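Required output: the full structure, derived from the provided sequences and hints.
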Amino acid sequence: MLQVEAIVKSFDDFKAVNGAHLTVGKGEIVAVIGPNGAGKTTLFNLITGQLKRDSGKIVFKGEDISELPPYQICKKGITRSFQIVNIFPRLTVFGNVQVGVLSHQRRSSNLFLPAQNIAVEETKRILETVGLSDKEKSIAGSLSHGDQKILEIAIALGNEPELLILDEPTAGMSPEETLATMELIKRLAQMRGLTILFCEHDMDIVFSIAQSIMVMRQGQTIIQGNLEEVRSNKEVQEAYLGGE
Amino acid sequence: MFKRIVHSKGLGSAVALFIVLLILPPLVPRFYVYILALIYVTSLLAMSLNMVVGHGGMFQFHHAVFYGVGAYTVALVLTKTSLPMWIGFIAGPIVAAITGLIIGWFCVRLTRLYFAMLQISLGSLIWAIVFRWYSFTGGDDGIHGIPMPSLLSSLNNSYYFILIILVICLIMMYMILKSPFGNALQAIRDNPQRCEAVGINVRRYQLLGIVIATFFAGVAGVLFVVLERSVFADLLFWVFSLEIFIMCLLGGWFTFAGPILGAAIIMALRTFVGKYTEYWTLILGVILILVIFFLPEGVMGYFQEIFKPRTK
Numbered sequence: 001m002l003q004v005e006a007i008v009k010s011f012d013d014f015k016a017v018n019g020a021h022l023t024v025g026k027g028e029i030v031a032v033i034g035p036n037g038a039g040k041t042t043l044f045n046l047i048t049g050q051l052k053r054d055s056g057k058i059v060f061k062g063e064d065i066s067e068l069p070p071y072q073i074c075k076k077g078i079t080r081s082f083q084i085v086n087i088f089p090r091l092t093v094f095g096n097v098q099v100g101v102l103s104h105q106r107r108s109s110n111l112f113l114p115a116q117n118i119a120v121e122e123t124k125r126i127l128e129t130v131g132l133s134d135k136e137k138s139i140a141g142s143l144s145h146g147d148q149k150i151l152e153i154a155i156a157l158g159n160e161p162e163l164l165i166l167d168e169p170t171a172g173m174s175p176e177e178t179l180a181t182m183e184l185i186k187r188l189a190q191m192r193g194l195t196i197l198f199c200e201h202d203m204d205i206v207f208s209i210a211q212s213i214m215v216m217r218q219g220q221t222i223i224q225g226n227l228e229e230v231r232s233n234k235e236v237q238e239a240y241l242g243g244e
Numbered sequence: 001m002f003k004r005i006v007h008s009k010g011l012g013s014a015v016a017l018f019i020v021l022l023i024l025p026p027l028v029p030r031f032y033v034y035i036l037a038l039i040y041v042t043s044l045l046a047m048s049l050n051m052v053v054g055h056g057g058m059f060q061f062h063h064a065v066f067y068g069v070g071a072y073t074v075a076l077v078l079t080k081t082s083l084p085m086w087i088g089f090i091a092g093p094i095v096a097a098i099t100g101l102i103i104g105w106f107c108v109r110l111t112r113l114y115f116a117m118l119q120i121s122l123g124s125l126i127w128a129i130v131f132r133w134y135s136f137t138g139g140d141d142g143i144h145g146i147p148m149p150s151l152l153s154s155l156n157n158s159y160y161f162i163l164i165i166l167v168i169c170l171i172m173m174y175m176i177l178k179s180p181f182g183n184a185l186q187a188i189r190d191n192p193q194r195c196e197a198v199g200i201n202v203r204r205y206q207l208l209g210i211v212i213a214t215f216f217a218g219v220a221g222v223l224f225v226v227l228e229r230s231v232f233a234d235l236l237f238w239v240f241s242l243e244i245f246i247m248c249l250l251g252g253w254f255t256f257a258g259p260i261l262g263a264a265i266i267m268a269l270r271t272f273v274g275k276y277t278e279y280w281t282l283i284l285g286v287i288l289i290l291v292i293f294f295l296p297e298g299v300m301g302y303f304q305e306i307f308k309p310r311t312k
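As they're listed, the protein sequences go chains D and E.
Position 160 (the first sequence) corresponds to 160 in our numbering; numbering is contiguous.
Position 26 (the second sequence) corresponds to 26 in our numbering; numbering is contiguous.
Treat the hints with care, since some could be wrong.
Which residues of chain D face chain E? A few of them, derived with a C-beta cut under 7 Å, are [to be verified]:
no.: 1; residue: G100
no.: 2; residue: S109
no.: 3; residue: N117
no.: 4; residue: V120
These are calculated hints, taken from the structure and not from any lab test.
None of the values given here were measured: they were computed from a predicted structure.
Idealized CB from N, CA, C, for every residue including glycine.
Structural data, given as structure tokens:
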């Protein structure tokens, strides 16, 4: 479904991503792991168009998307959540999710109908799925960090993506919240048939839900494979797992 | 009752206020009728700016240009052409919106301070043209004695006309801000990057927001001509833009009706304190400092906070 080929991105002289490869098949849950500064977030920013690549290719459903701006990539069916909470703090929880839903339904430019009556059902369904229904009237900025991270995912769901990209979905969460989030991700993948690409620091999480794992170091792909292949790879052991 | 006005939910109170304002003219001295009408015109201008600044999060520092363009358009149509008068009235807002489209088209390519700087530069360019082009705009003399339809000949009739147009515009603005587009605009203000990531073409929405706001600024410009029957280059001067920016800040730019309050405060200060001292802006400065420190959400924002319905 998604192929990233030999992608390169430098900031001045620093090569944040230096020829990484990634393949994501339909319906898969794929994890990207690697030490801090390996280029995971940069890679995601390249895929979703927040950054422009220097060279290489990003192909989604047979179409080269590496030159498209973020909002068009989103229309193709890829949405994402962000590592640092990136919500609309002044809007309500409902309003936050509705922004995505309205955009997906191409009704955002409607000028004269009251928004509170549009796309209500879809929005509520998403809130129910992620378990934020009871907080829908709260101002998003006042939520706890864990809830804001969940809201991140909920906003992304509004676009009914085929590929959902989650950048450290559990960063800064308590162990219970982390567990709940992982359950949510698994459930989303099953219920909605979502393809999910995420990166994560916590090895337990990665090994418990990912079907395919890509390991990055210094902007390069060391290996992509299933759990066993990754575990048994010498280079990975040295670079990453060996340290634990 | 006050709570309801503040929350703009109390339709009843708003209607009551509207009726009071309607029956006021025969009861108060002419001077007050004039000042009230001027406050309405300025309120509409401040409200239009707030669509971009408060709800859209764009630093439209030179908004008065569109007010001036609206006013000059109607003035020029009424004095230099023999077209029916209503065409002038309609052309004002439309030309203002087209000017907004052209300036905005460049500005939305930049963000924050760069947006503001470019906006001031392009706006000042238009001011300079109006200020120097004597044969067409009258330069710094302006245009005076603009003929008005007989229906608007008396001050009271102008007052009613301005009040009714203001109310219509406010209703339209309210609907726009509560529409999906309004939501998207406020979402862009809060987080443009995230909006792009959910598929919103940020620049296009910002541009549309500017066009709508400049249209209403043009309406305000037309209303100014209805009231004053003259136009002058100061209408487009950047100092005036700063003044309406302060109105939004003072009233509270995250509220709907805040700018009206801000406009009323500043116009009242200018009129009543300005009578005693030409340094009335000094008092404005002190008030502004106090507001920024103690009421960062503006006067209206402060009252909204106090009268917020307790959610339990």
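Cross-check of the supplied hints:
1. Satisfaction of the interface hint for G100(D) is found here, the shortest Cβ-Cβ separation to chain E being roughly 4 Å, below the 7 Å cut-off.
2. With its C-beta approaching chain E no nearer than about 5 Å, S109(D) sits inside the 7 Å limit, and its interface hint holds.
3. With a cut of 7 Å, the hint placing N117(D) at the interface with chain E is violated, because the nearest CB-to-CB distance is about 10 Å.
4. Hint status for V120(D): violated, given a least beta-carbon distance of 12 Å to chain E, over 7 Å.
Violated hints, listed in ascending order, are 3, 4; each of the other numbered hints is respected by the structure.
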